[in-house]
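Chain order of the listed sequences is A and B.
The first sequence begins at 1 in this note's numbering and counts up one residue at a time.
The second sequence begins at 1001 in this note's numbering and counts up one residue at a time.
To be clear, the hints were calculated from the coordinates, so they are not data collected in a lab.
A portion of the hints provided could be inaccurate.
[Unchecked claim] Some chain A residues near chain B, calculated using beta-carbon distances under 8 Å:
{"#": "1", "residue": "L22"}
{"#": "2", "residue": "V77"}
{"#": "3", "residue": "S81"}
{"#": "4", "residue": "P84"}
{"#": "5", "residue": "R107"}
[To be verified] If we take Cβ atoms under 8 Å as the criterion, some of the chain B residues that face chain A in the derived model are:
{"#": "6", "residue": "L1006"}
{"#": "7", "residue": "K1008"}
{"#": "8", "residue": "R1010"}
{"#": "9", "residue": "R1019"}
{"#": "10", "residue": "I1020"}
{"#": "11", "residue": "G1042"}
{"#": "12", "residue": "G1120"}
{"#": "13", "residue": "D1121"}
{"#": "14", "residue": "R1189"}
{"#": "15", "residue": "H1220"}
{"#": "16", "residue": "G1234"}
{"#": "17", "residue": "D1237"}
{"#": "18", "residue": "D1242"}
{"#": "19", "residue": "Q1249"}
{"#": "20", "residue": "S1253"}
{"#": "21", "residue": "L1256"}
Don't be surprised by glycine CBs; every beta carbon is placed ideally from N, CA and C.
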Amino acid sequence: MATPLVVSDVAKSFTMHLRGGLVLPVVANVSFAVASGECVVLGGPSGIGKSSILKMLYGNYAVDAGQILVSHAGRTVDVASADPRTVLEIRRSALGYVSQFLRTVPRVAALDVVAEPLISRGTAPEEAHERAAELLSRLNLPRDLWQLPPATFSGGEQQRVNIARGFITDHAVLLLDEPTASLDATNRRVVIAMIEAKKMAGVALLGIFHDEEVREAVADRILDVTAFSPRRSAA
Amino acid sequence: MSDMPLLKVRSLSKFYGNRIGCHDVSFDLWPGEVLAIVGESGSGKTTLLNCLSTRLMPSTGDVQYRMRDGDYRDLFRMSEAERRVLMRTDWGFVHQNPADGLRMTVSAGANVGERLMAVGDRHYGRIRATASEWLSRVEIDTDRIDDQPRAFSGGMRQRLQIARNLVTSPRLVFMDEPTGGLDVSVQARLLDLVRGLVSDLGLSAIVVTHDLAVARLLSHRMMVMKGGHVIEHGLTDRVLDDPREPYTQLLVSSILQV
């Protein structure tokens, strides 16, 4: 089976120059792989570095050492060392990310926010909007909100816009940072079904889920991030 | 996306006597890419922008631009006339103060139409129709086409300046603090407009700003300048979420949360 995501020996620390050069180790020796059709869940207590791992994989955080290999269409890119243009290209074509919070842009309607990843890959706007509408109605977002910018939406409504945006493409790797945190039971079950569908389609998923019901439903295996904590080995 | 850079900048420096304007700047700009140059006043960002756009002669270094025919030309080895043609047609320059980029005493329509005439359009009706189309694209009521920019608000003037620059379908646009001096609500509208136009038209842009939120919204890539040097350079998300250099950390941590 294909393994579109391979992480090997990744280490990350923050150097706080404004705090006299204080070095905060985050994770070390992070090594794992996620296969197509598999959902791996990052486990461990808050502050152990789960979100930081996702941010490194998506290129938002630089890494101190190691490789993050994303394979797509016969090509393998090391996100850890790739130039900005390559990182943006891999995000467009192969690597999706549902963040914890939606970054809203003034005046852009929810439907456009969701359709944008497809349009940027060259899908015709009408088709992209159709797909966006399907996803938003599946996630029970009231239709009268679709043409409004999400800035004024509730937390759960924004999160559903964010999920729809992340799930609209057929990216080979999908990173999920607590996508169900602010959802009610009905919508949680919709997201579980959407994750199942991604697995069936052969997508490699890596996520953080504090909600036990969701975790039990989707996780093929749990990766304990405590094992990568440099603080543990120092103690 | 083309696989050749639009602009290749190598070891560009500008000195004002003994003082450094900008020092040893090198980068490539790709088609469709938006680069933000950030830093405080006096960091050299405007000097760099002016050198790149040939408004200022650099002391050393060279800038190669890929012409429409695919050939690279050294900007500082071109004749003055060739450079002027480039600036009037293939490039745009959006000034912080719209009065620097507009002709304040001719009509809005003429401000837009003038650039079209510079590329050889002579048909009055067609020029007026295109100007009117661009006014509505930048959300200016078309019944204001015969008014002078003097009668426009700051936000409208800035949008008119953008229309004037984009009407000739340039491939590269330079922007110097495009939202500086505007109310926040006006800023948001302008940013959204610029963001949409850049992605619809596939423009490359170099945007100088001291506002990190503007950089986050508009740019793919970011360069941080201090004392004339580029001290940090990378994917915009990365520079803002995980700043490495002391000065960048200071900039990012100084943003007020609302």
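How the hints compare with the structure:
no.	hint	result
1	L22	11 Å, violated
2	V77	13 Å, violated
3	S81	12 Å, violated
4	P84	4 Å, holds
5	R107	4 Å, holds
6	L1006	12 Å, violated
7	K1008	14 Å, violated
8	R1010	17 Å, violated
9	R1019	26 Å, violated
10	I1020	23 Å, violated
11	G1042	21 Å, violated
12	G1120	32 Å, violated
13	D1121	29 Å, violated
14	R1189	7 Å, holds
15	H1220	6 Å, holds
16	G1234	6 Å, holds
17	D1237	5 Å, holds
18	D1242	4 Å, holds
19	Q1249	5 Å, holds
20	S1253	6 Å, holds
21	L1256	16 Å, violated
In summary, the numbered hints that this structure violates are 1, 2, 3, 6, 7, 8, 9, 10, 11, 12, 13 and 21.
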